[in-house]
Structures are given as structure tokens and as C-alpha cells.
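Chains as they are written, first to last, in the UniProt record's numbering: chain H, 1 to 268; chain A, 1 to 270; chain S, 1 to 416.
By construction, these hints were calculated from the structure, which means they are not laboratory data.
For glycine and all other residues, C-beta sits at the position ideal for the given N, C-alpha and C.
A portion of the hints provided could be inaccurate.
Within a straight-line C-alpha distance of at most 20 angstroms, the following computed DMTMM-like cross-link-like pairs (lysine to aspartate or glutamate) qualify [to be verified]:
id, chain 1, residue 1, chain 2, residue 2
1, S, Lys102, A, Asp34
2, H, Lys36, S, Glu68
3, H, Lys227, S, Asp243
4, H, Lys227, S, Glu66
5, S, Lys220, S, Asp337
6, H, Lys226, S, Glu68
7, A, Lys4, H, Asp254
8, H, Lys227, S, Glu68
9, H, Lys36, S, Asp270
10, H, Lys36, S, Glu66
Listed below are several chain S residues computed to face chain H (Cβ distance under 10 angstroms; list not exhaustive) [as the list claims (entries may be wrong)]:
id, residue
11, Ser54
12, Asn56
13, Gly61
14, Leu62
15, Glu66
16, Asn73
17, Met90
18, Ala106
19, Met242
20, Glu244
21, Phe246
22, Ala251
23, Asp362
24, Glu364
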Amino acid sequence: MKKRSSLFSKVYIAVVLAFLYLPIMVLVVFSFNQSKSRAVFTGFTLDWYQKLFHNEAIMSALLNSLIVAVISSVVATVLGTLAAVGIHAMNRRMRSMVMNLTNIPVINPEIVTGVSLMLMFVFLKMGFGLTTLVVAHTTFNVPYVILSVMPKLRQMDVFQVEAAQDLGCNPTQAFFKVVIPEIMPGIMSGFLISLTYSFDDFIISHFVAGPTAQTLPLAIFSMTRKKVSPEINALSTIMFVAILAVLLLINIADIRRESKKKRGVQRR
Amino acid sequence: MKSKLPALPYLIWMALFIVVPLGLVVYFAFTTADGQFTIANISQVGQYTGVLLRSIWLAAVATVLCLLIAYPLAFFLSRANYSIQRTLIMLVMLPMWMNFLLRTYAWMTLLETSGLINKLLGLIGLGPVQMINTPGAVVLGMVYNYLPFMILPLHSIMTKIENTTLEAAQDLGANWWQSFRRVVLPLSIPGIMTGVTMVFVPSISTFIISRMLGGGGNILIGDLIELQFIGSSYNPNLGSAISLVMMVIVLLCMSLFNQFDKSEREGIYG
Amino acid sequence: MKKRVLSLILALCTVFSVCFASLPAAAAAGSSKTKYSFDKSGIDYQKFKGKGVSINVYNWGLYIAEGEDGGMNVVKEFEELTGIKVNYTMYATNEEMYAKLKSGGAKYDVIFPSDYMVGRMIEEDMILPLDFDNIPNYDRYIDDSFKNLEYDPQNLYSVPYTWGIVGILYNADLVKKPVDSWDILWDPDYTGDILMFNNSRDAFGIALKRLGYSMNTTDKKQLQEAAESLKKQKTVVQAYVMDEIFDKLGAGEAAIAPYYAGDYPLIKADNPAIEFAVPKEGTNRFVDAVCIPKDCNNKEAAELFINFLCDPVVGYENFLTIGYSSPNKGTYDMLPDMYKKNEALYPDQQVLDNAEGFINLDTETNEYTQQLWTEVLSDDQHVNKWLIPIFITAALGASLYINISRTVKKRRGTYK
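Could you build the full structure based on these sequences and the hints that come with them?
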């Protein structure tokens, strides 16, 4: 009985994973396709990988994506960390009010956030471009930073700060020397979540991007409306393989560290 | 340390880029193009009841399917040993880092009448089956894109259910259905809640999946909104009204679901 | 869990940054000296060199030569010639471009509206009169029959870019019935094999012509009738598309589609079975023009770009890539005979006489058509609407049941 159910669970997991990876495999396979067709495989080639690096539209979109992702994540992290510290100091009622506000962009459908920002930028007469993209991305990123920093603040030992101040730190010093290192993991994870969300965002960017700053998802969108060049398949294959490799490496390293720890515990 | 001041820049930012813009949506929804007050936009939304209903329906179907697929998967994953579990979760998250437009586009290649699936069906003498440009394809696109959003919260809540709890239930004479109904399900309710929200909201507001896989003929609320703002029929006032109605619908659906959840929990613990 | 996510994402960032750091360098490497000779008489292309000027060009998708298969990359040639940076973006329909401009967030310097849209933008004061002193190629090369057309009677605002007719593209292997009428787009025998325009003006134009009305009708009854027939057509239509048609017809995914004649040679190159036919009811004859929006960054630089597009060599290279007939005399003279004799690209006078151009309609009709079009797209005969009320009732019922059972339980609890 037990054996059969474990076999079933293995098959089930395999089937779901196959479902998740099927289209990605299609992308990878057709990045090696000789013809531009995305239905018939006519022969193996590496041309698209070479052409990819000479395609200025894709390359500049990639660069824009990167710029927007990095700037907006940095701004969101600074704003969000400060906000989390401030919110932590609030009384319960005020805190829940502010947290409700924070949750709006998380829960609200993205398209509504997109159109509302579009209306706002037009109202403020901000021309669509890098600035509007950065502002929009920062706006939807900040809540994620706050949500990942808040738990760390709650876990923090309040007396540490008092101890630091007793030992002669002024509040600012105490903040930078005690609080920040303590909540650093939360800040980092908030920053990285922002970076990924921002890099992959299409819906909100679709409404606030202008002619001077196309991000990668936008460039891909305008391609999917005619013919998707296999160069894009090549790009996603490169990204997929790189991500996979790094994840595997980290996973292996983690497992090793973990087992070392376990051994240590046993020895004790 | 006990100062609220650091939150000030954030509050100003959010007021400027969340509260005021949403206010603008409300303002646009209730005005004409020349800024006169009107409720014509809101009443015009009534014409698109069919679109609204279809969006709710397709999003609901996609959410239920995601739940049905993800629930056993999350459970099996949570019972696996730690390092396998970690690798598998990584594999579940990995596709999310690929551009979603490209993944959806790849589904076109698979589903088309002359696509890969139909070619395989042709080899065993079946088909061709019309799959692309149907509501089913749109649901598939939603399920595919948002499935990880269901798996991850379910998995993280289920890892908290100890094997010993399940064994205890069995020792007390519960069969697997009873131990599922009385132990696993109640304990995983918060995960279901998060998962359903994370799948339902993007599904109901999607506008690109329906266009790529649905053929553009059966539009959803998201498409309707996009059409009004930067698509073929420029009318931001109507677009704002539709956005407003959609926000209300989403809130209603979520609160209905919340109520369901609360009663369920109270039924168990109360 | 959080830590795991953190480390994963951290790793990703490293990958991304390593990946991308090397890219711009690679992109910059491929510059080359031009091999084309342009007509530079009467104009100083170097005017803005080194001044960091940039223009935003907003064009249809697949509507300029992009340097594929050894051809000219028009934008890049222009950038090298003038030192003006071009930000090039694309749209799929006139209406989309109109919405983007009207919403006011983005500034564009060069746009490519079709005839009726030029008229509409003139009327709504959205485009600027051109300074033809900066566009000497207009007088030199543009065919007189494309000047002073009814959408821009004194020809102050626009320079024609391409022209053509709308016809039916069909796969001769799959379609055996004779294709000579718009009726084939409504033929139930081809259910699921038909593609339709995804923009209101072209779709309504076809429906109106099929009913024997003018494409420019302002009669609400006729428009209503056209909308009804478009709703009926939905049962046989596979998808509403624009440039996706290349993919779908090329791969044999669909068999029949109305589209612009200029795309016929390109699709035929992909799939030799594709043929082109002009319906006997008459069709639409269009001109796509180049204009400068009112809210532009640098009008003179934009005019240099327009002049560059009117260069016969550029026109020729564009023709080879996009396939649309050119109003440029110089370009026409350079074309091989096979193109000049192509009846889709350069149709008989009789076909042209039977064709109707779109003109700008009044605001009321425009709005009415838009509304009808949205209705057509949202009208749905496939999904059972009664499923939704049942679903909602069931959800409400479930919630009610839970509430009642909870109350009952509680009451029982208090009795105990």
C-alpha cells in the first residue's frame, strides 16, 4: 500500500513538472532551428545565438530592463526599509492602517495599477520613459520590501538597541550599527524579490513605457504580434541554462553545508 | 529607534503613486471627456456583463484547476525528504523566471491545429483537434502561468504539518479520507487562501493570455480595459469605469471567499 | 524558506549581471561604412551631427527594412548618415497609435497613419504642417497621383509612404471554392479556417462592402447591420489578428484571411500555396502616410527622416522587405518587372476604380463604430452564460450552509 502510493506520488510530481517544462523545452529546441518557422524543425544551427548579440533592439531592451530593475529595486529597498522601521514604531491601529495601504498594490489587479499610474503620469505631465518606468516599478516593489523586512524587525531583540545606546551610541549610530545588520537578510531578500519582479514585469510597463525606453518584456511583446525571431528563443535558452546552473550549484552547496551542520550536531 | 519619521517618505510616495492614481481612476470613471460629472460610463459597463461574467468564470475555473493540481503535488512534496524537496521546489520556481510572454507563445506552437500536440495525435491516427483559440486554451494558459503561485504557499504551509500528527490520526482510527478531511485540509486552509488569491486575481485581470491563446475574439475584462486606454477604442473614462467595476468584483469575490474560510476555521476550532 | 529564496535570487542576479555586462560591447562592434548612395541634393543631412539629437519613430510592425538577409537597415543608415539617434517603436493598428498619442504620455516625432487617420488627426489638430523645404525628395520623387488626396487636400501635413488594396489571401490547397467575394469569409464550410482583421475600420469596411454599402457610411442602421453580420461571422472565425497573419497563413494554420496586398509576396514566399484575390463587391484602397505629431521633440530632424524615407534607394530597400507598393517614382523605376506586373501590388485600373478609400468620419460615427466593434468582440455564443449565475448561487449557497451549520453547532454547544 505504502509503496504504491509513493510510486503514484512520484509519477504525479513528474507529470506536473513535465507540464511546467513542456513549453520551455519547445523554446529551447526551436532556438536551434535552422528556419524561422516555429512549427517545423528543419535542422540544427547555432546562428541565432550569434545573431542575438548583434540585434540592437534586443540588446538595448535588455540594457533598459537592467537599468530599470536595478534603480527601482535600490530605491524601493531604501524606501521600504525606512518605512518598515517607521511602521514598526507605530501603534497598532496606525500600523494596520498603513499595512492596508501597503497591501493595495499587492492585491489590486496589476492592470489597474498600470492604468492608474498611466493616468497619474499624464496628469503630472511626466513624459513616458525611463523615469516613469522606474517610478512605477518602485511603487509595486516597495510593498515586497516592507513585507520581507517587517518580520525581521519583529524578531529583533529590542534590548540590543538600548544596550548600544547605553554604551554611548546616538540613535543614528545605533540604527546603522545594530538595527541594519540585524534586519539585513530581510532587506536583501526584499531587494532581490524587487529585482526579479521588476525585470520580468510586463503588464504595468505596458502602460507607462514610452518610445525611448523599451524593456525586454515589451520588446518581446511587440515581437509576438508578428513573428518571434528565434534570437529571442536563444536569449531565453541562455538565461534558462544560466539560472538552472546557478540554482543547482547553490542547491549542492546548501545541501553540503546542511549535512556538515547535522554532523556537527551529532558529534556534540 | 521608536520614531515613526522614517516611514514618512514612503507614505508620501504611496500617497502620490497609489492613493492619488486610484483617485484619478475614480474621477475618470465618473466624468465625461470634458470633465463633467456623469454616471453614463458606469452604466455603460452593463453592456459588457457578458465579458465580466466570462472573465469571472474562466478565472474561477483556472483557480479551481490550479488548486486541484497543486494540492496533491504540494502534499507529496512536503512528505519528501528535505534535499529532494528543496530541489523539486526549485524546479517549480524555475519556469517563473522565464518571460511569461515567451512561455505563452510556446503554448501556441504546441496547441495549434498544425502544432506539436496535433502532430503527435496524428501519428496515432487521431485529431486534428481544435485546441487553440478556444476558452479551454485560455484556461490552460492561466493554469500554466499561475500554477506555481498556488503550489508555493500550499507547500510552505504543508511542511508545517508534522508526519507525527498524521500518524496520530491514523492511530486513533482515522482512514485516509478522515485524516485528510479532519487534519490536513483544516491545517492547510491559510495556504489555500493565499494560493487562491494569488491565482484568481491575475487570472481575472489578464489581457495577454486571452489574446494569444484565445484568438482575440473572446475578450476578457483585462482586454476590455486595455482597449480603452491604449488599444483600438480610445476612451479612458469608460476604461476607468470598467477598472473600478473590476476592482469591486475582485474585492467581492475575495471577501466572499474570506467568509467561507473564516466559517470553516471557526467550524473546526469553535 | 525565505533564506532559500534569498540565495536563489541572489545567484540569479549574479548570472544576469555577468550575462549582460558583456552585451553592449558586442552590440557596438558591428558598425560598418555605408554601401549605398543617397540623393543628398538640396538638403544637409549632417546638420545635427554631434548635437545629441534624437527622434522617436512610431511605425507599424514589419514596416521598414531592418537589415535582414543582407538588406539595408534603414534606421541604422539614417543614424550613421545624420548622427541623429532614432528610438524606433511599433504599433499594430491605426487606432492603437491614435490612443497612444491621444493619451498624452509619450512624445513621437514621426508616425505612419493611414489615410482616414491622417484626416482625423488633422481635424483634431494632432499633427503639424510639414516644411517641404526640408523634404526636397517629395517634389522630386513622389508620384503626382499621390499628392493632394482627399484626406489631406492641400497636402500640407503628410507624405505618402506606401499604398495598396485590401484583398483575400487564401491557401489554394485548402480552399477549393472560387474566391471572388467577401462571402467566403462568412462561409460555414471553412469554419475555424478564417482569420479576420483585428481593427474596427477594416472589419467594418469589409462587412459594409459585402452588404453593398459604402465603407464610409455614417448611416447608423447600415453600421448596425454590419455589426450584426460581424457577430454572425464570429462562429466561423478562428481568430482576430493583425500581423499574426504571417505566422498563421504561412504555417497553414488558417486558410483564408483578408489582408493588405503588400504582405502577399512575403507570405507567398513562406507558403507558395497562398493566393490573392480581389472580391467583386469592391475593396478598400489605402495610402499610409508619414506625419509629424504636434507634440514632437525635433521637427526638423523628423523632416530629415521623412526625406530619407523618400529617397528612391531607401524606398527600394523598404519595398524588398515589406512588399507594399511605393508611391515613389524613383523606387518604381528600380523595381524588377515581376513586381510591376504583380496584380496584387499594381492592380488593374478597373480594380482601382471599383475600390473605395477610407475618409475620416465624424466623431459621432467614429465613437459609434468603436462601440459596435467592442460589442462584436465581446459577443459570445460559445460559453453558456447561465453557468455563471449557477456558479455564484452555488458559492453563496455554500457560504450560507456553512454559516447555518456553524450557528447550529454553536447553539448545540451552549445547550451542552
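Are the Cα positions of Lys226/H and Glu68/S separated by 20 angstroms at most? Satisfied, since the Cα-Cα distance of roughly 15 angstroms is no more than 20 angstroms.
Would the hint on Glu244/S be counted as holding, given a Cβ-Cβ threshold of 10 angstroms to chain H? 6 angstroms, holds
Against the 20 angstroms threshold, does the CA-CA distance of Lys227/H and Glu68/S hold or violate the hint? 13 angstroms, holds
Was the hint right that Met242/S lines chain H, CB cutoff 10 angstroms? 7 angstroms, holds
Classify the hint on Glu66/S as holds or violated, based on whether any CB of chain H lies nearer than 10 angstroms to its CB. 8 angstroms, holds
Does Glu66/S lie within 20 angstroms of Lys227/H when you go C-alpha to C-alpha? 14 angstroms, holds
Given the hinted pair Lys227/H and Asp243/S, is their alpha-carbon gap at most 20 angstroms? The hint holds at about 8 angstroms.
Agreement of hint Ser54/S with chain H interface, Cβ distance less than 10 angstroms: 7 angstroms, holds
Next item in the hint list is Phe246/S. Is there a CB on chain H closer than 10 angstroms to its CB? OK, holds: Phe246/S within 10 angstroms of chain H, min 6 angstroms.
Answer holds if the nearest beta-carbon of chain H is closer than 10 angstroms to that of Gly61/S; otherwise answer violated. Hint holds; Gly61/S Cβ to chain H Cβ min 5 angstroms, cut 10 angstroms.
Report holds or violated for the interface hint on Met90/S, using the least CB-CB distance to chain H and a cut-off of 10 angstroms. 5 angstroms, holds
Given Glu364/S as an interface hint, is the shortest Cβ-Cβ distance to chain H below 10 angstroms? This interface hint is violated because 25 angstroms lies over the 10 angstroms limit.
Comparing the model with each earlier hint shows violations of hints 5, 7, 23, 24; every other hint is respected.
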